[in-house]
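Q: Full structure from sequences and hints, please.
2 protein chains.
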Amino acid sequence: MMEKVNLSQKFELFTEHWSPKIVGELNGQHVKLAKLLGEFVWHKHDVEDELFFVVKGVLQMEFRDKTVTINENEFLIVPRGVEHRPVAPEEVWVMLFEPASTLNTGDADSELKKEKLDRI
Amino acid sequence: MMEKVNLSQKFELFTEHWSPKIVGELNGQHVKLAKLLGEFVWHKHDVEDELFFVVKGVLQMEFRDKTVTINENEFLIVPRGVEHRPVAPEEVWVMLFEPASTLNTGDADSELKKEKLDRI
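Protein chains in written order, with numbering that gives the first Met the number 0: chain S, 0 to 119; chain B, 0 to 119.
The reader is advised that the hints may include incorrect statements.
Pairs count within a copy or across copies, as identical chains cannot be separated in the list.
Straight-line distance between alpha carbons at most 27 Å, and here's what the computed DSSO-like set of lysine-lysine pairs gives [as the list claims (entries may be wrong)]:
#1 LYS65 to LYS3
#2 LYS112 to LYS43
#3 LYS55 to LYS3
#4 LYS43 to LYS3
#5 LYS55 to LYS9
#6 LYS65 to LYS9
#7 LYS43 to LYS55
#8 LYS115 to LYS9
#9 LYS115 to LYS65
#10 LYS55 to LYS115
#11 LYS55 to LYS112
These are calculated hints, taken from the structure and not from any lab test. Just so it is clear, the structure is predicted and the values come from calculations on it, not from any experiment.
A: Rendered as structure tokens:
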């Protein structure tokens with residue numbers, strides 16, 4: 000409680016990809032950190048908007064009709080209901096803001112699903 | 000809609016201090032950018048938790064019983080109901096994440112209050 004969070008220190012605590020870690024909670028929302036590499040699964044979140052802030056690397060966010068390239072110190076908000084697929088040709092570190100209810104794979108049936116997230 | 004936000008580009012759009020600008024909205028929350036310099040007013044938010052992420056500079060967050068120094072790429076969540084005072088001995092750039100209902104001065108009666116925030 001009331002402890003600051005240093006992003007670099009937190010990112011040193013894990014190496015796995017596509018496995019978000021909870022680093023903060025406020026107003027029913029979670030702040031999460033994740034390392035991404037490769038292609039994720041197409042999915043959408045029916046009731047949650049999702050913010051992707053790129054801390055390191057370059058994230059390609061694919062939509063059905065376009066791709067948005069998100070560089071370091073840039074963020075993109077993916078509105079609820081919009082199908083998307085994060086793609087990281089090289090490793091990317093991201094900070095996520097989203098409701099505590101958000102499941103990483105949204106409506107997709109995928110082995111990439113993470114139901115119990117660690118807090119670090 | 001679905002446009003990425005580049006923090007550096009947004010920070011170039013304004014110079015005034017203690018005047019948060021809205022740069023994103025999701026799940027009833029706002030993402031805001033602000034430049035801080037000097038001492039703000041003591042205040043609290045009765046129903047809103049507030050996240051301060053330091054993009055540039057060093058922020059001193061004063062509480063009644065301690066001060067937390069927040070450096071670049073660190074964030075602090077101030078829980079609802081907790082009195083705090085941001086102090087920036089030199090200019091600090093911050094990204095805020097908080098409910099759309101949040102007033103910058105909380106419960107304080109201050110001329111620093113900003114009721115209508117610009118979206119940039």
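Q: Determine for every hint whether it applies to the structure shown.
A: Right, here's what the structure says about each hint:
1. LYS65 to LYS3: between (37 Å within a copy, 13 Å between copies)
2. LYS112 to LYS43: within (13 Å within a copy, 38 Å between copies)
3. LYS55 to LYS3: both (20 Å within a copy, 16 Å between copies)
4. LYS43 to LYS3: between (32 Å within a copy, 18 Å between copies)
5. LYS55 to LYS9: both (13 Å within a copy, 19 Å between copies)
6. LYS65 to LYS9: Classified as between; 23 Å across copies, 32 Å inside a copy.
7. LYS43 to LYS55: Answer is within; shortest intra-copy Cα gap is 24 Å, inter-copy 33 Å.
8. LYS115 to LYS9: Within one copy only: 18 Å inside, 36 Å across.
9. LYS115 to LYS65: neither (32 Å within a copy, 34 Å between copies)
10. LYS55 to LYS115: This pair counts as within: shortest intra-copy Cα distance 25 Å, inter-copy 34 Å.
11. LYS55 to LYS112: within (23 Å within a copy, 35 Å between copies)
The structure shown violates just one earlier hint, number 9.
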